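Taken in order, these protein sequences are the chains called A and B.
Residue numbers 82 to 565, in the working numbering, belong to the letters of the first sequence in order.
Residue numbers 16 to 210, in the working numbering, belong to the letters of the second sequence in order.
Check before you lean on any hint, since a few could be wrong.
Said to hold, decoys possible - Once the Cα atoms are required to be at most 20 Å apart in a straight line, the calculated EDC-like pairs of lysine to aspartate or glutamate come out as: (1) B/Lys-174 with A/Glu-517; (2) A/Lys-512 with B/Asp-114; (3) B/Lys-174 with A/Glu-554; (4) A/Lys-511 with B/Asp-114; (5) A/Lys-467 with A/Glu-477; (6) B/Lys-142 with B/Glu-117.
To be clear, the hints were calculated from the coordinates, so they are not data collected in a lab.
None of these values were measured; they are calculated from a predicted model.
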Amino acid sequence: MARLVVLRGETVDRRIDLLRMPIRIGRGQKNDVVLDDPLKGISRDHAEIRQVGDDYVLVDLESENGIWVSGRRVPEVVLGPDVVASIGPFRLMIADDAAQPVANRAVPAAPPVAPQPVRPQQPHGRAAAKTAQPPANSQQKWVLGGIAAIVIAGAIAVTFVLFRGSESQQAVAVVAPPPDVKGPIADAERQIGANLCKEAIATIDLALQRYPNNVDLMNVRQRAETCTAAAAQPSPPLPDVAAELQAARDLIGARDCAAAMTRIDTVLATDPQNMDAQQLQKQAASACSPTGAPATALTRKDPLAVEIPPQNGGLPPQPNELDRDYQVRVKAMRDRYDEAVATAAKGPSARLIATYEALLRDTSPQYLDVAARLADARRAWVATAKLRVKEAEDLEAKESWNDAIGKLNEARKIDPSLPVDEAVARIEQKKIVRGEDECRQGRQSTNYGRHGEAAQHYRRALELLPPSNPCYETAQRYVGSAPK
Amino acid sequence: MKTWLSTVCMVLAFDLAGALAQAPPASDPWIRKSSKPGDFRAGRLPWNTFSVELPEDWQLVPGFSTMLVTAAEKGRNNQPAAAIIIEHTQNTEPLNASDVDERLAALEGDWVRQRDPAGENFEHQVKEFEGRRFLLVQYGRAGFNGRDRVVVYVMPAGKVMYRLICIAPEKQMAERYQAIFAHVAATFKPAAPGS
Chain A
82 MARLVVLRGE TVDRRIDLLR MPIRIGRGQK NDVVLDDPLK GISRDHAEIR
132 QVGDDYVLVD LESENGIWVS GRRVPEVVLG PDVVASIGPF RLMIADDAAQ
182 PVANRAVPAA PPVAPQPVRP QQPHGRAAAK TAQPPANSQQ KWVLGGIAAI
232 VIAGAIAVTF VLFRGSESQQ AVAVVAPPPD VKGPIADAER QIGANLCKEA
282 IATIDLALQR YPNNVDLMNV RQRAETCTAA AAQPSPPLPD VAAELQAARD
332 LIGARDCAAA MTRIDTVLAT DPQNMDAQQL QKQAASACSP TGAPATALTR
382 KDPLAVEIPP QNGGLPPQPN ELDRDYQVRV KAMRDRYDEA VATAAKGPSA
432 RLIATYEALL RDTSPQYLDV AARLADARRA WVATAKLRVK EAEDLEAKES
482 WNDAIGKLNE ARKIDPSLPV DEAVARIEQK KIVRGEDECR QGRQSTNYGR
532 HGEAAQHYRR ALELLPPSNP CYETAQRYVG SAPK
Chain B
16 MKTWLSTVCM VLAFDLAGAL AQAPPASDPW IRKSSKPGDF RAGRLPWNTF
66 SVELPEDWQL VPGFSTMLVT AAEKGRNNQP AAAIIIEHTQ NTEPLNASDV
116 DERLAALEGD WVRQRDPAGE NFEHQVKEFE GRRFLLVQYG RAGFNGRDRV
166 VVYVMPAGKV MYRLICIAPE KQMAERYQAI FAHVAATFKP AAPGS
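Bound conformation, chain B alone (with noise of 0.2 Å):
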């Protein structure tokens, strides 16, 4: 009977440890495609220079200078919702893959920080998602109907330089937006230079 058990709890162990060694690495809940992407479509707009999914049900608003596009959450009877707002500036110097580090998230986030000097809780962080090396860089604020917290992801391209500004209610990010932004930047994807 003994015997029967511990060989029983040997397969169990071994069938375990396979499981763990096989299972793929935890996700940044920051960085990651929806289970869901019918919920988002490719955003049709007018630029040839990067792609993205947004989410289907939102509304696009063209930009000016250098905010390219905002697509904003319908809300019921004007309550407040979500926004993306893509940016995008001139680099004086090109940036690569390997200027990407921690001094940059630094100079991001101080200059995050000039735009938006009521900001609280400011965070900076170095990702990378898919060989792709970009900044993260978050802080809360206080808005009209309570507060707001501000995901910024930031992603040099050469001589250009993308920032997806992602804004949504304090209480309702980690359970409703963060998947949303996740899926979103994930399918951020700057063109190939020259194309």
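Looking at chain A on its own, in the form it has when it is part of the complex (with noise of 0.2 Å):
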């Protein structure tokens, strides 16, 4: 008889008979199997599963967030034992009665359910395997009645030889009492359970101690063992969960789901309450199949990018570029155009021309107008150098000179052909002959004990001295001891 066995991370959370069919999954209380997702990765009425000949089939209900198999979306998978289903954070497959592919998990097997509905408030823990209860079949009852039977009369026997062993010296052969070891027993469990092994061994040994050839604390120290071996062995690595992640996203951003979805998987294989990759499952599920349909599908409908000409504002496309992304990146480009528009509307600017210069460098000399832009604007630069000329002429007949000469090196820096040295030479002697006075004056004020005044002429003396002057050195001292 096939189980259907639904898994939650790497936990079962549950095994389901399939008896009878089909089996409707999903949120609903109605459904036969309610799987509760507080994320909502499950839709009410999710999946089906049917029996088609021998196999059984898991059917998409056109549901939000879908079947997935192996990272794709599928509206339909058949489940087997190889064949793992994922819906929302849960992942199913069909386990055969007889093989029993996840028996070996850490934790037992529920009882089977036969009555509709299923519902996952099932006994859990090893009690409840060891209490658990054969189907209500007749012919299964007996089986199992039998072997109970033989397994009872096995341990009486077991303990009876063993008891002998030990007893050796005594000449009437008693049947002790069954010794309480389910305390250390149960312990050891917990601790086996929290990979506590070298605990488990040492409780189990305290008991053995009492209880030397007890079977079951023999099993369970067997177990222990085992569990200690394994703990000692080198876990395999564990993934870089924020960088699976995030190559998650990027690959939902180019729309490769089904890599996506195998980094997510891995995530939640590792730690299925990860809300973050639960939530990127999602985000990957409506991205690439916002119609419900298979990723790859949707994929073929995207159109690739169609060439506009450069005169109209487009750019050569890029190999295999899709038209979607190709608009995007005219648009962008469109923007920066604007944004140079914009910008030359306040006047022509060494950044506007550089702005220019690069939309050329980025596009082609055909895009829009930019090459006659450009020419433009370095015309009007050229022709702010002769403004700056006359603005520093202005400056200087206001004994401004300072400034006279920023004014007429910014015209040099725009046009290195105006010829302003000469007239910066002009100003920079007119300069020292003022500083040379106000240095004067301030040698005269100190002397009359106008310190005020002496410090103010100092200053302007520093402003319009060269270093190098003799008095600049005077006027940086008076300037750096005159009172404030």
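Using the hints, put the two chains back together into the complex; each one sits in its own frame.
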């Protein structure tokens, strides 16, 4: 008999015997299998298992987040021991009753669920496994009853033999009362579950001192030793969760949902409760398949870019570039152009020229009217150089010599061919004459005790004289020591 | 006859023009050497930082602090007379010839006015004599026996500022004392730096 195994992360959530078909799965309470997911990764009526011949087919009931197999969204999938389908945070697989592919997992099997609807509130844990009842089938009852009888008889026999071995001197065979090993075994089980294997061994060894030949204790000890050995082995490297999720985001951005899902599954395999991974899973599902269709089919619908001529603001498309990506690039470049034109309205500037040059570099000489605009901007910029010279002349007349020289230097920077050197030298000479005059007045004021005046004159001298001038040092010394 | 007269006139005109061209420029009445140098003698002073010729019959009284020496005219029966006070102050910044200008004269005028607030009619000038630039500040003030006239010669010499403060009755200044003060100022020579 086939059995549906529902896993959440690496933990078996439940096992369900597939006794009748179909089985409806979803978040809604009316479903046969109710899967609860606070993140709403499961739709109210998400999927259905149908029997087709010997196969069990999981069919998507047009759910929002769909069914995923190996990173691809699928409308339906034939379940089997080797086929794992993902629904939200759950994974579904079929386990053959005989094979019991997940029987060796840490969490033991829940009792089979024959009556409908199936509910997740099933007994869990080892105790549940021990008390598991066979199905309400009379033939099975007899078989299991026989097995139980054999097991009990065997246990009595083993106990008797062991008792005889340890108490060989006793003439009368006495069946020892069952030792109270439940407590130590439960403790050890808990410790094994928490990977505290050495502690589990210690617990068992303590109990074995009292009940040296107890089979249950020995079995648990053996498991604890296995657990220790497993713990001693180097564990496989854990994935870098942040890197995996970032890669998944990038892949979703690139619409490679299959690869993104693989990355997300890797993270969820390690940390099933990882909220980021769960959200990304949903994001990948909706981003790549907004209509519920398989992602690959959707991707094929995206047309490739059609080149727009540069005169109309177009760019050369890149190989295999999708049209929507191309349109984004074209718009971004157009925005840059519009920004440059807006800047041009404020007047010519070196920044404007640089912007136009960059536009031409990133597009082509035919891109809109950038080349013509660049030529205009350069002409206007050179014209501003002459304006700067005129401004410098006005400033020179007002004896604002430093500002005048600044304007002349600006003009020279704009248009290096402008003859401004002579004007700069003339103004520098005027500065020296005036600076020395200020220095003389500073000296005069100092000698008559007029320190405020002297400081003012010396400060002006410092503004006007080059440091090599003999008076510069005097002025500097005075200004540095003058009372404020 | 006419020809002879016009020739004589032309010769006289040329002579006059030549005489005018060769005449020395009119000297400054406030600084010039006296035509009677015998009336003065070099002051025998304990400092080597300057030299000066003072009136021979005036008394020299040594000073103190900024006041170096006073040359006072010997008056009869203690009648009011004239005096020359030579002062010096240290400059915080050395002053050279190029620093002696109208602005320095104005500063000096203000300074003198502050020293003698009751003074009137202050005047200041920049003057030059034998290549030396100096300041001249004059003013009048009320004395105990009529008005006085004060003439201050200010002669900067590097780190030192010399002042020749010449005081005389205003009524006798022009006819008697101006020439004396002019000679004293003309002969005042600060020593070269380092001497």
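Hints versus structure:
no.	hint	result
1	B/Lys-174 with A/Glu-517	19 Å, holds
2	A/Lys-512 with B/Asp-114	18 Å, holds
3	B/Lys-174 with A/Glu-554	18 Å, holds
4	A/Lys-511 with B/Asp-114	19 Å, holds
5	A/Lys-467 with A/Glu-477	15 Å, holds
6	B/Lys-142 with B/Glu-117	10 Å, holds
The structure is consistent with each of the numbered hints, conforming to all of them.
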